[in-house]
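Q: Quick mapping for you: the protein sequence lines, in order, are chains A and B. As numbered in the working numbering, residues 11 to 333 make up the first sequence, in order. As numbered in the working numbering, residues 10 to 414 make up the second sequence, in order.
Treat the hints with care, as some may be off.
In silico DMTMM-like pairs for lysine to aspartate or glutamate, Cα to Cα no more than 25 angstroms straight-line [said to hold, decoys possible]:
1) A:Lys156 to A:Glu190
2) B:Lys169 to B:Asp156
3) A:Lys268 to A:Asp256
4) B:Lys221 to A:Asp256
5) B:Lys218 to A:Asp256
6) B:Lys221 to A:Asp76
7) A:Lys156 to B:Asp156
8) B:Lys221 to A:Asp185
9) A:Lys288 to A:Glu273
10) A:Lys191 to A:Asp145
11) B:Lys218 to A:Asp36
12) B:Lys221 to A:Glu92
13) A:Lys38 to A:Glu103
14) B:Lys221 to A:Glu34
15) A:Lys191 to A:Glu273
16) B:Lys218 to A:Asp145
17) B:Lys218 to A:Glu27
18) A:Lys38 to A:Glu50
19) A:Lys288 to A:Glu239
20) B:Lys221 to A:Glu102
Derived contacts from chain A toward chain B, CB cut-off under 10 angstroms, selection only [what the hints assert, rightly or not]:
21) Pro49
22) Ile74
23) Arg104
24) Met110
25) Leu122
26) Arg173
27) Val176
28) Val232
29) Phe233
Pairwise CB distance ranges (calculated) [to be verified]:
30) A:Pro126 to B:Leu37: 30 to 36 angstroms
31) A:Gly183 to B:Leu335: 55 to 61 angstroms
32) A:Glu103 to B:Ala259: 34 to 40 angstroms
33) A:Asn60 to B:Ile194: 36 to 42 angstroms
34) A:Ile135 to B:Arg17: 21 to 27 angstroms
35) A:Gly203 to B:Ser212: 41 to 47 angstroms
Treat the hints as calculated values from the structure; they're not laboratory data. A virtual CB, placed ideally from N, CA and C, is assigned to each residue, including glycine.
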Amino acid sequence: MLRQAQHERNLECAAAEARDLVKEFDGKRAVDGVSLTVPEGSITGILGPNGAGKTTCLRMMLGIIDPTSGTRSLLGHDRPIEIAHQVGYLPEERGLYPAMPAVEALAFMGALRGLPLRESRRRAIELLRSRGHEDWARRPIRTLSKGMAQTVQLLGTIIHHPRLVVLDEPFAGLDAINQEKLEQLIRDLAEEGVTVIFSTHVIAHAERLCERIAIIAEGRSVFEGAVDEARGRLRPIVHLRTRAEDGPWRTALPQSAKQVGGEWRFELPPSGPEPLLKALIDGGAGIETLSIERPGLHDAFIAIAGEAAAREMGHVPAAEEAA
Amino acid sequence: MKLPETIRAAFVIARRDFTATVLSKTFLLFLLGPLFPFILGIGMVGIGAQVDRNAKAPPVAIISSPQEFDLLMTARARLEPVADSLPLTELRHVEPEADLAAQRTRLLSSESEPVMAVLDGGLAAPHLTGTVTGKDRTARHVTLFVDEARRLAAHPPAAKVRLRIDQARAMAGPQAARRVQTGRIGQVLLFVLTLMLATMVLSQLIEEKSSKVIEVLAAAVPIDAIFLGKLFAMLATSLTGIALWTVGGAILVANLASGGIDALPVPAVGWPTFFALILIYFSMSYLLIGATFLGIGAQASTAREVQILSMPVTMAQLVLFGFASLAVGQPNSGMAIAAAVFPLSSPLAMIARAAELPDLWPHLLALLWQAIWVALILRVAGAVFRRSVLKSGKSRRWFWRRRPA
Chain A
11 MLRQAQHERN LECAAAEARD LVKEFDGKRA VDGVSLTVPE GSITGILGPN
61 GAGKTTCLRM MLGIIDPTSG TRSLLGHDRP IEIAHQVGYL PEERGLYPAM
111 PAVEALAFMG ALRGLPLRES RRRAIELLRS RGHEDWARRP IRTLSKGMAQ
161 TVQLLGTIIH HPRLVVLDEP FAGLDAINQE KLEQLIRDLA EEGVTVIFST
211 HVIAHAERLC ERIAIIAEGR SVFEGAVDEA RGRLRPIVHL RTRAEDGPWR
261 TALPQSAKQV GGEWRFELPP SGPEPLLKAL IDGGAGIETL SIERPGLHDA
311 FIAIAGEAAA REMGHVPAAE EAA
Chain B
10 MKLPETIRAA FVIARRDFTA TVLSKTFLLF LLGPLFPFIL GIGMVGIGAQ
60 VDRNAKAPPV AIISSPQEFD LLMTARARLE PVADSLPLTE LRHVEPEADL
110 AAQRTRLLSS ESEPVMAVLD GGLAAPHLTG TVTGKDRTAR HVTLFVDEAR
160 RLAAHPPAAK VRLRIDQARA MAGPQAARRV QTGRIGQVLL FVLTLMLATM
210 VLSQLIEEKS SKVIEVLAAA VPIDAIFLGK LFAMLATSLT GIALWTVGGA
260 ILVANLASGG IDALPVPAVG WPTFFALILI YFSMSYLLIG ATFLGIGAQA
310 STAREVQILS MPVTMAQLVL FGFASLAVGQ PNSGMAIAAA VFPLSSPLAM
360 IARAAELPDL WPHLLALLWQ AIWVALILRV AGAVFRRSVL KSGKSRRWFW
410 RRRPA
């Protein structure tokens, strides 16, 4: 009860906030007025196709680059670098010193974030041991596989027990098992009250993990809010199979209804399921199966960002997929 | 971020860079670096000697009696010590024949036993024939040999002179000349080290930019801390190298040079102060040039771009070195003072001065002046670095790329 209350209170204050962020590179606008609020203790996903401006937004919010215009604050600080010791960051393009042993790489990342070196080394060994990777400790990064190195860098992101963790495309390059481990780590962090922001172009990860999402397309934020709110923008979808081919029941279907492989698909009318059901029965449809499906984030994304953005992210609209 | 936090972060980065460099195999190569020119020098001298031997000039044929030829050879032997490393003209005895003109022609045209020239007529009326003029080295040598041989014939030396030698170290004339050499060596050492290290720090930065570590650093600490950390790590690395070279060099000199370290020309300010000044001036020179290189390097994203950008800077460095080397040997001249005042050449000019003149106050003044410039250049280069390293900061458009309003 107390934890729930704490959680609700946290959601009221912003761990990260951006207002009208604009970034131009050599006169070209990469980010065009992005606004974003990330409540403390939440898991927020930033969705968008490659080149949408997700990384640039994250870099501006972290203070790695300055915005051309607009404001941002991180854990209540206007200058993010001042609060760097409470933030963990995993960049999209992973960077570790190849000759450094894993334990030293972790200790270095901890020291960068303000930990005394001795304490940082202790935590590095503890982190590797707790995840069953103690045999990696003395191995130089260059001898580790890509996935292993990525795990080391991820551990380096949380070695200093940050309040906010920012992960840029954290699932890229990981196999299915490590993706699952990472999802669990993100859940564990949120459980401990850590705010997690991650960017991804895989909607399934966001759907499984996030409470909130921001959709960025062509440098603009086209949606920002709770996942349910995004889904709520679409009406539930009705899937209907009937014995009768035709009859008065057809008037109960909306004009947008489409027949895909002997099944009718259409948005549930605003009047709800009961009048629809009655009209179908009275019209002699001979209902074989009827299901009402809540729209997924995938559908919501297409509805919000457009089919072009979905295609760029490798997501085929449902109708095409069925065809 | 507050200053102590920036310094702490810079220290973390410097410590990483320092240990990564000093514990790497390349540092061993770096330490062995000064041996390469030495080995190369010995090799070149050896090759040069071999070339000299192979390219030995043919002798001068002496048509004379054996007695006169002996006198000429004795004269040549007496003159040999003053010739130092330059070989004297070789002589070959030929018995006179009836037809002197024919003998002369035959000797000069012989391909199996070529000669430079033919001397006949004896010591009384010497006559040199060949493709030589009076100003040629061969003609001058033969003239000297004949003069000396005549003198020996008239007054043979009674006994070989034994010269009593007392070595004196504190004579002003030779000391001053040797101090100029010390100054020049100090200057070259400073210049080469600075250039080498500034290039090294630049390559390291490029490596980090290409391996994306720079983004991890930039997210965690202020860019100023990265800049200072990298700069001071390389300074610490180079000072470690210098310390090891100094110890190694001192051991070598003590064991190999006759008279040990005492055999070297003592700089005007004395060895301890000279060493201290070398370290300080090297640090100043490195900070001035290294900061400039880092500022420039931050704008490049590949090693090729670095090469293109650093080429004009290296050329400018060479000009500065040339400018500062004009001060060697005349430490109070206008040129020397100008080189000492211009911040980028000041450390080079002042180290030469330390070898030649004993006053310390100009060094204090120069160090203060250089420190001001170090602070200024660090600030400007740091700002350029901050703006360029991740394309951060306010965007600045150069006038030729400005868009019309």
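Q: Could you tell me which of the hints above the structure violates, numbers in ascending order?
A: Checked against the structure, the hints that fail are numbers 4, 5, 7, 15, 16, 17, 18, 19, 21, 26, 28, 29, 32 and 33, while the rest are satisfied.
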